[in-house]
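Line by line, the protein sequences are chains A and B.
Numbering-wise (the working numbering), the first sequence opens with residue 1 and increments by one.
Numbering-wise (the working numbering), the second sequence opens with residue 1001 and increments by one.
It is worth saying that the hints were derived from the structure and are not from the lab.
No farther apart than 25 Å at their CA atoms in a straight line, the calculated lysine to any residue pairs in the SDA-like style are these: (1) A/Lys88 with B/Lys1010; (2) B/Lys1009 with A/Glu16; (3) B/Lys1109 with A/Gly71; (4) B/Lys1109 with A/Pro83; (5) A/Lys76 with B/Glu1036; (6) B/Lys1126 with B/Ile1163; (7) B/Lys1009 with A/Cys102; (8) A/Lys98 with B/Glu1036; (9) B/Lys1009 with A/Met87; (10) A/Lys76 with B/Val1028; (11) A/Lys35 with A/Glu15; (12) A/Lys88 with B/Glu1039; (13) A/Lys27 with A/Val13; (14) B/Lys1010 with A/Ser100; (15) A/Lys76 with B/Asp1145; (16) B/Lys1102 with A/Asn61; (17) A/Lys88 with B/Met1029; (18) B/Lys1054 with A/Gly68; (19) B/Lys1054 with B/Thr1019; (20) A/Lys27 with A/Asn14; (21) A/Lys98 with B/Gly1032; (22) A/Lys88 with A/Glu16; (23) B/Lys1054 with A/Arg65; (24) B/Lys1010 with A/Ser101.
So you can see what is in the structure, the chains are spelled out below.
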Amino acid sequence: MSQKTFAGVTVDVNEEGYFTNPAQWTKELAVEVAKEEGIQLTDKHLAVLDFLRERFAKGDNLTIRSVGNSGIVDIKGFYGLFPGAPMKKAAKIAGIPKPSSCV
Amino acid sequence: MSKEEFPLKKVCLICAKGTIEDVYAALVMSNGAVMEGIETKVFFTFFGLDAITKKTMNSLHTGTVGNPAMRMPGGLPFPTLLGVIPGVEAGVSSMMRSQMEKLDIPPVKEFLEMIEAGGGEIYACKLAMDMFKLTKDDLWEGVKDVLTVGQFYEMCGGLQTQIIFT
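Only chain A is shown next, with the shape it has when bound in the complex (with noise of 0.2 Å):
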């Protein structure tokens, strides 16, 4: 396990650069994740993330399908919130895991 530092809080991280400890996580610390991965986030983007935690904690699985159906962002936008590789970027950004889900 190695650590990182974001805006003077060193936090938890695996190799991939993906938070190992979710309860360190914060919105001050996401927007700094976010511009490593080139995304300036706005509201939009925190209610994606706050979705995917909550899913997280509940242990249930990480779907793209799942953030369709959130109501908050259809997957069209999901991509263009998070381009690329949206459920990575994300979860990334979400200081929750890499996703395990195929779909």
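Using the hints, position chain B against chain A.
Relative to the frame of chain A, chain B by itself:
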């Protein structure tokens, strides 16, 4: 040579069969590629066309005859003779679809829409369409184009590209 230096940039998938398992293999791999940010093109041909034909796309079946991997819900082998009884194949297929729904695997049409939403492209095979007397109007609206094999290969070029036949 490591995967970091040469990550996949593009995958081109070919789906030539129309059973639930064959179509979903193609759809899961296509959607998975789109979700990884990989450029994705999916080519449906022969019986695979069922997956993008409006009439058939959401009622695909799995074969209950001649399928040695088929099991009863408890794990016992599924007798082929049972599979020939009318309605059994439909029942097994709908059971499979409901199992997938529980895992958040969407129906075919919704799955295709997800792939399209992420920038994946869906194509149909011209030769197979001629064979089955299908026109573009019979196909799901999201199908980008009807292609010849040559046209498909033309879009499969480039480094770090793979063609996958499911």
